[in-house]
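Peer 1: What follows is each chain in one-letter form.
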Amino acid sequence: MISGAEIMVKCLEAEGIKVIFGYPGATICPFYDKIYDSDIKHILVRQEQNAAHAASGYARCSGKPGVCVATSGPGATNLITGIATAYTDSIPMVAITGQVKSDLLGRDVFQEADITGACEPFVKHSYIVNKTEDLPRVFREAFHIASTGRKGPVLIDIPMDIQENEIEEFVYPEKVNIPGYKPTTKGHAIQIKRAVEAIKNSKRPLIVSGGGVLLSGVKPKFQKFADNTKIPVISTMMGIGVMPSDHEMYLGMLGTHGKRVANRALYEADLVIVCGARLGDRAVAAPHQMSENNTVIHIDIDPAEIGKNVKTEIPIVGDMKNVMNMLIEEIGDYQVPKLWQDTVKTWKKELFRIPPVFDGFVELRTLVSHLSAMLRSKAILVADVGQNQIWCANNFRIREGRFLTTGGMGTMGYSIPAAVGAKFARPTRDVVVVCGDGSFQMSMNELATISGNNLAIKIIIMRNHRLGMVRELQDNNYNKRHSATVLQGDPDFLKIAEAYGIDHAEANSNEEAEEIIKKMVKSDKPFILVCNVYPDTPSI
Amino acid sequence: MQYTLSILVENQAGVLSKISGLFSRRGFNIDSLAVGVTADPGISRITIVANGDEYVVEQLEKQLNKVIPVIKVKRLTEGEFISRELILIKVHCAASKRSEIIKTAELMQAKIVDAAPSCVTVEYCETSSRVKTLIDMLKPYGIREIVRTGTIAIDRGNSAVSV
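Line by line, the protein sequences are chains G and L.
Taking this note's numbering, the leading residue of the first sequence gets 48, the next gets one more, and so forth.
Taking this note's numbering, the leading residue of the second sequence gets 51, the next gets one more, and so forth.
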């Protein structure tokens, strides 16, 4: 005989899961009792939301679904923001929650919450398991759904008695059969032909790359395509990293907070190839204008994205991996007109402007642009949300590494837990967090997770004693009335670091900061660097 | 523009809330909704009548297709399907008006299914527009209560919405 809880562990093992992130509680205790004996590593976070963010960071760096676990009621509801973040950013994740016993469901007993109901808008799919026999199938399906098609979070809610009940034997199903779930992965050959023809007929084609390119693991092929054809590339926030920042044909991030040259390229292009991006309002503020000026080819695995925000002439539904292969084959040795190549290269030269320096402060945009050179080439930079995110997105010169941030949901407090997940997925790579003093305080409780597991995560806090991005909005749109954007009562972050036993330092100039960074990257221990930044530094 | 969607879903708990939730979340309006099991007990059919422009309908079909237990979504073509809804109308009916109301029901091919000293209940199974006509005709007598189902619809001829 085998219990539901043992089956849950065996399912995770069958899926090749090595690390999970979670926080226990009464209704998930049967599972925790079994995971205790397993080789799967359980990382205890300090709040459930961070378990979901850590699973997200893990998934993005390992390419496999991240797993987070919480108990029923408040444990489960705390997960929601993390699940919603993964949903908007299309991150593969399986969230497991304990639930009150089946016969108590609906009676509003202690720590009961309808979590599948509450998560409905934010999950790709959810299950509430009502038979122990169903567990293997549910797990198999959940991992399949999370990691195929447009990736996303799947929630499995498991009442305590289902975890406790025993059944005869454990058999993990080899195949899944979900009649309503058959994602289209192969691009339509005729559409590919039409797309290539349109590219060949255009004078100024442009690629807009989104997170889909990274999620499908097609980066090398994508770079080859761009290299061979010399089609210039711009990216969305989630797409940063598809091309090295210093590539001659890469112009940076587009959008309201993006690079001027990227937006200029979008405006001047006569053909735009959108690859795995949904083009939300931050990317393209006026989508109708975009399609007035140019022909749009939209490649996405999710048919619902095509035509949702931007009018599309040539839709291609499929996995970027397959579509890219087909495009490379079909396009042959085509290259874009020389004039357009040269124009883009000229713009690229104008790209880097050096921001003004204020005495006694670190100029973060400059620091971030120098940061990459101080790290190894596959470094992972995790940015939080706020001005720090924009500074990083526009200035980090990414090479072969990753840039993690939440471009879709924009959840403050994401960076530290996501870095925890990233470090577990890629323990040998440099993992650096850049956050503001606001976002740091949203998840600084995770310093315990970092310290407790001796994770060599380096945290750079940009301290300006305010919520910089909201304050900028107030300056521009609300008559400079700074309602609730001054951070009063902040603790001494160095003392906080000290209390957690984490090495730390403070910098008041770029020279000082760079000296410290050079030292901190060599250490195999966590580090906190507090940079005092000039409070009125703009986002762009 | 009014349109009718025929949706096949896996017959499991929570599917209906996933679908109705999707409508409200994305700001789509439902005029009517009807659910029932199909010949295959594992599959239910949901018929939705809703309003919106071409963009809305296209988005809606795509979003519905993303719901995992949704197996198939088909927009029925105007004029090429048969639709019905069932209505029960309780009408005030003084003895002096009874024969008039019975005649009206007969005219519309509706049935009187219950009667009491001061009211009758009329059953009618027809298209949405004929149902509206009957309601309009009975209104002058005073309607006490209306109970109606959502529209159900089926393709004309050989074509069928099946797995």
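By construction, these hints were calculated from the structure, which means they are not laboratory data.
Since the structure is predicted, the reported quantities are computational estimates derived from the model, not experimental observations.
Some clues are possibly wrong.
Some chain L residues judged to face chain G by a derived CB distance under 7 Å, without partners named [stated by the list, open to error]:
id	residue
1	Arg75
2	Gly77
3	Lys112
4	Gln113
5	Lys116
6	Pro119
7	Val120
We treat Cβ as the ideally placed atom computed from N, Cα and C, and that holds for glycine.
Peer 1: Would you mind marking each hint as holding or not holding in the structure?
Peer 2: Structure-based check of all given hints:
1. Among the interface hints, the one on L/Arg75 holds; its C-beta lies about 5 Å from the nearest C-beta in chain G, closer than the 7 Å criterion.
2. Because the beta carbon of L/Gly77 sits about 13 Å from the nearest beta carbon in chain G, more than 7 Å, this interface hint is broken.
3. This hint holds: L/Lys112 has a C-beta 4 Å from the nearest C-beta of chain G, less than the 7 Å allowed.
4. Evaluation of the L/Gln113 hint against chain G yields a held restraint, the C-beta minimum of about 6 Å falling below 7 Å.
5. Given the 7 Å rule on beta carbons, the hint for L/Lys116 holds: about 6 Å separates it from the nearest Cβ of chain G.
6. Because the beta carbon of L/Pro119 sits about 5 Å from the nearest beta carbon in chain G, less than 7 Å, this interface hint is met.
7. Hint status for L/Val120: holds, given a least beta-carbon distance of 5 Å to chain G, under 7 Å.
The structure is inconsistent with hint 2 alone, although it conforms to all the rest.
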